[in-house]
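Protein sequence lines correspond, in order, to chains A, B, C and D. Residue numbers for the first sequence follow the numbering used here, so the first one is 1 and each next one is one higher. Residue numbers for the second sequence follow the numbering used here, so the first one is 1001 and each next one is one higher. Residue numbers for the third sequence follow the numbering used here, so the first one is 2001 and each next one is one higher. Residue numbers for the fourth sequence follow the numbering used here, so the first one is 3001 and each next one is one higher.
Hints in this document: simulated from the structure, not taken from any laboratory. Don't take each hint at face value.
[Stated by the list, open to error] Taking beta-carbon pairs under 8 Å as the criterion, some of the chain C residues facing chain A (in silico):
{"hint": "1", "residue": "Q2152"}
{"hint": "2", "residue": "K2158"}
{"hint": "3", "residue": "K2200"}
{"hint": "4", "residue": "G2201"}
{"hint": "5", "residue": "Y2462"}
[Claimed, not checked] Capping the alpha-carbon separation at 25 Å, the derived lysine to aspartate or glutamate pairs in DMTMM-like fashion look like this:
{"hint": "6", "chain 1": "C", "residue 1": "K2534", "chain 2": "C", "residue 2": "D2355"}
{"hint": "7", "chain 1": "A", "residue 1": "K20", "chain 2": "C", "residue 2": "E2539"}
{"hint": "8", "chain 1": "C", "residue 1": "K2526", "chain 2": "A", "residue 2": "D110"}
The beta-carbon is built from N, C-alpha and C at its ideal position, and this holds for glycine as well.
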Amino acid sequence: MEFYLTFLILFIGIWGIVGKENLIKKIIGLNITNSAVILFFILIGHRRGSTAPIMEKGVKNVVDPLPQALMLTTIVIGICLTALALALSLKMYRKYHTLDISQIEKLAKDE
Amino acid sequence: MSKKWAKEILILLIIMLLGIIFFSGFYPHLPLNLAVSEHYVARGERETGAINIVSSIYLGYRAFDTLGETIALLVTVSSIVFLLEKKEERNIGKRR
Amino acid sequence: MNSIPLFLIIIPLFAACLILLINFLKTHLRLTRLISLSSTIISLIIVGFSTIHILIKKETLIYNLGGWEQPIGICLHMDGLAWFSSLLGAIIALFSLIYSLKEKNYQYKFYFFFLILLAGMQGVVLTNDIFNMFVFFEILSIASYILIAYSQEGKAIKASFNYLIISSLGMSLFLLGIGLIYQGCGSLSLTQIGKTFSIKGGIPPSMFQLTVSLIVVGIGIKAAFIPLHLWLPDAHTYTPTPISALLSGITIKISFLAIWRIINILEAIDFQYLFVWIGSLTALIPVIWALSQTDIKKLLAYYSVSQMGFIITSFGVGSTLSLTASLYHLLNHSFFKSLLFFSMGGVIYATGKRDLRKLSGLFKKMPYVAVSFLIGALSISGIPPFNGFVSRSLIATSLKKYPLPLFLIFLASVGTIASFIKLMMIFLGKERTKENNSGNFGKEKSEFFPDEIKKVPKAMIYPLITLSILCFLSGIFPSWITRGISNFILLKDLPYPIKIYSFSNIGKSLLIFILGIFLYKFITTKYGKRISLKINQMEPGLNNSLLLVIVSLIVFVIFAGIV
Amino acid sequence: MEKEDKSEIVGITSRKLVPYILLFGFYLISYGHFSPGGGFQGGVVLGAGIILLCLSRGISLTEISFSRQKITLLEISMITTFILLGIVGLVMGKNFLSNVFLGKVEEVPTAGFIFLLDLVIGLKAGAGIILIFYSLAKMR
Chain A
1 MEFYLTFLIL FIGIWGIVGK ENLIKKIIGL NITNSAVILF FILIGHRRGS TAPIMEKGVK
61 NVVDPLPQAL MLTTIVIGIC LTALALALSL KMYRKYHTLD ISQIEKLAKD E
Chain B
1001 MSKKWAKEIL ILLIIMLLGI IFFSGFYPHL PLNLAVSEHY VARGERETGA INIVSSIYLG
1061 YRAFDTLGET IALLVTVSSI VFLLEKKEER NIGKRR
Chain C
2001 MNSIPLFLII IPLFAACLIL LINFLKTHLR LTRLISLSST IISLIIVGFS TIHILIKKET
2061 LIYNLGGWEQ PIGICLHMDG LAWFSSLLGA IIALFSLIYS LKEKNYQYKF YFFFLILLAG
2121 MQGVVLTNDI FNMFVFFEIL SIASYILIAY SQEGKAIKAS FNYLIISSLG MSLFLLGIGL
2181 IYQGCGSLSL TQIGKTFSIK GGIPPSMFQL TVSLIVVGIG IKAAFIPLHL WLPDAHTYTP
2241 TPISALLSGI TIKISFLAIW RIINILEAID FQYLFVWIGS LTALIPVIWA LSQTDIKKLL
2301 AYYSVSQMGF IITSFGVGST LSLTASLYHL LNHSFFKSLL FFSMGGVIYA TGKRDLRKLS
2361 GLFKKMPYVA VSFLIGALSI SGIPPFNGFV SRSLIATSLK KYPLPLFLIF LASVGTIASF
2421 IKLMMIFLGK ERTKENNSGN FGKEKSEFFP DEIKKVPKAM IYPLITLSIL CFLSGIFPSW
2481 ITRGISNFIL LKDLPYPIKI YSFSNIGKSL LIFILGIFLY KFITTKYGKR ISLKINQMEP
2541 GLNNSLLLVI VSLIVFVIFA GIV
Chain D
3001 MEKEDKSEIV GITSRKLVPY ILLFGFYLIS YGHFSPGGGF QGGVVLGAGI ILLCLSRGIS
3061 LTEISFSRQK ITLLEISMIT TFILLGIVGL VMGKNFLSNV FLGKVEEVPT AGFIFLLDLV
3121 IGLKAGAGII LIFYSLAKMR
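Chain A extracted, bound-state conformation (with noise of 0.2 Å):
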């Protein structure tokens, strides 16, 4: 049940990417489509009753480590891409002085 959660996330992430003119709120759905991914990373490695994986004494029945481990390479690819994401954007906004992606394009085709 819960994985259908995460592909509704996926599909607002999407939506926000797709649909939206403003660059900011494409980069917000950029990161809501990572987390998403996240979570269907981390549902994927889960089984009930069980703990996190710090196998100390007496800890029996443990989460699959793996997409874990995966999951942090991906947040911190996610952070790249909206830092350099939200970097291109300013620059954008000092040389049109909008953030409107159909301006953009319309001031930098008539360029």
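Model the placement of chains B, C and D on the given structure of chain A, informed by the hints.
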């Protein structure tokens, strides 16, 4: 104004279609075979010395991913510094 | 000798960190150039050194990182296909680095990003782990985002932002595909996935199709086939010339080879059939836009997409001949595409102008650049002695069973010839002196006068000459290279000796040439110019291209279901 | 972001609080292999500490103690040590990035290789976050 609404509805329709495809192609109750993660859980502590298995995976078994990802962070930081530095800072680098 | 794949990735990375360390306080530009040049040459030597193991002994080099075996840890493997792409990447990277030394004195950060781009490319090709391929794809794209926005003009930053958003959407889809694969077969190493992740192995067919289409669309954005290519023309025009040569020469090919490897491993045969149609459409549609372009680099960028269409179509057919033809055309396209980008970069360096209408009659001023451009233009339009002709006729022979895609490719090559005659007019057109400065497209008065030309430096000419020699050589020894590709790289031997320089092929290319001249005559008429102006207006914005990515994912899944 | 429009309370409390945040960050890094935590999370906490300092006392003051040059040097040296640690594995005859000195698990910080990599990544992630903040915040 109507053109904007038509676009919104088109996008929502396409995403609905995407939803149907995702739900049809996805099977949550698939029997998972966990040969690899069983190995990590069972022998992770002895082979890498770390009790936190997630640390032992992303720093021991798959340390190459982490190297690649640190390189990604390094490239992002130096590109942001390159993009957003002001003109006079760039000349300082040259003059010295 | 198994550690060759590791050194191919680590040497550019270590050189990049050294560059940062050296230039931390005071910029030493000469030392930076020395380091980047030597590390590219060393990685080229290492690839050359590895040919003994891979080609002659036909073994694949496996290197387990951290000492752990196949599905537990990450391992790098270098088989024929990986050797082919890393050799290609090393050669073209060396040429664009030599080219960039004299073109503009770039800051030290340019060489840092260049080396990271090179390391990312080698990494994608050499890993045997699907998540590690995702990480190296990210490194590759982050380096190419910043290199596209290097000149910091408005258009370059917009192009880089478009590429960033579309490609990160694609990468999230690719990651979803990896998640489904992990859920299906529990391990991430490609050889393990090949054994367990298949419909026979208990994976429900609809999940299999969803996974394969997620991965193909996710990586396909970087390989730029038809609905996903809208970011490419802008991205490859506003980058510095050595980088646009590297990007369209190698990066789109590496993503295509990654798709090739994943589809081989997952044995998704019905997907391969889809590529015939996608490839032929990719070959034709960008040509229509390219004919109406006036910016010389944008025209070349459209042709990278269309030539990728040739490669994808012959990959789609799936027979031994077509796979060899696809790899052969991939090799040829890297050579003549970078040659064309370098020569156009020479024109821009000398005259400072990018507009087709304002340039004419430059042959006498820069003979080397003109001659090498002519060789590149002749080989891309498939004129007999050059390599374009060989691989295109191979693709045509392998497409016998699909008449309509063959016809689309025929139209695409006619369009190619038309626009490259248009480009040749830069060099062969009338001399422009102060008196008769009437533009060769009618009345526009061009303010370009011949005496303003800067001399193209030697370092920019050497890559041009060597690449044109390579184009010529790979056109003359077709049978030697085709047998080499099929026996050593694909490990399947060709069933029958192929006659390439046969009368039917030469006749066909002659027919295409004549039709191309007629099309060129048609474009330069008033009526033709009005159509091209209308086509130019139909630039799809960022939102439409993102929507097209999602639509193509849906189309992929539905078609895979039917076939 | 400048000093004058800051109330004194924020300045003083944040100056007192930041050392503990940094301590917690180092705890997360050093006990990453032992308890939940790890390189990146500790590094981000370190970065957040310095950013709190910037927000509360203004960037120009924080630049005095944590100057941009020092942090760039930290970041570059960390990535080079990461690659050198990998090469050390190679030199010792094992494969790249392999666990060179496998310390005994009982004593706390002798998880050997993992702890070193944790430390390197933590400092690098923290330095990266601070540098991104410096560049983005200085853009008027």
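* Unmet hints by their number, sorted upward, for this structure -> 3, 4, 5
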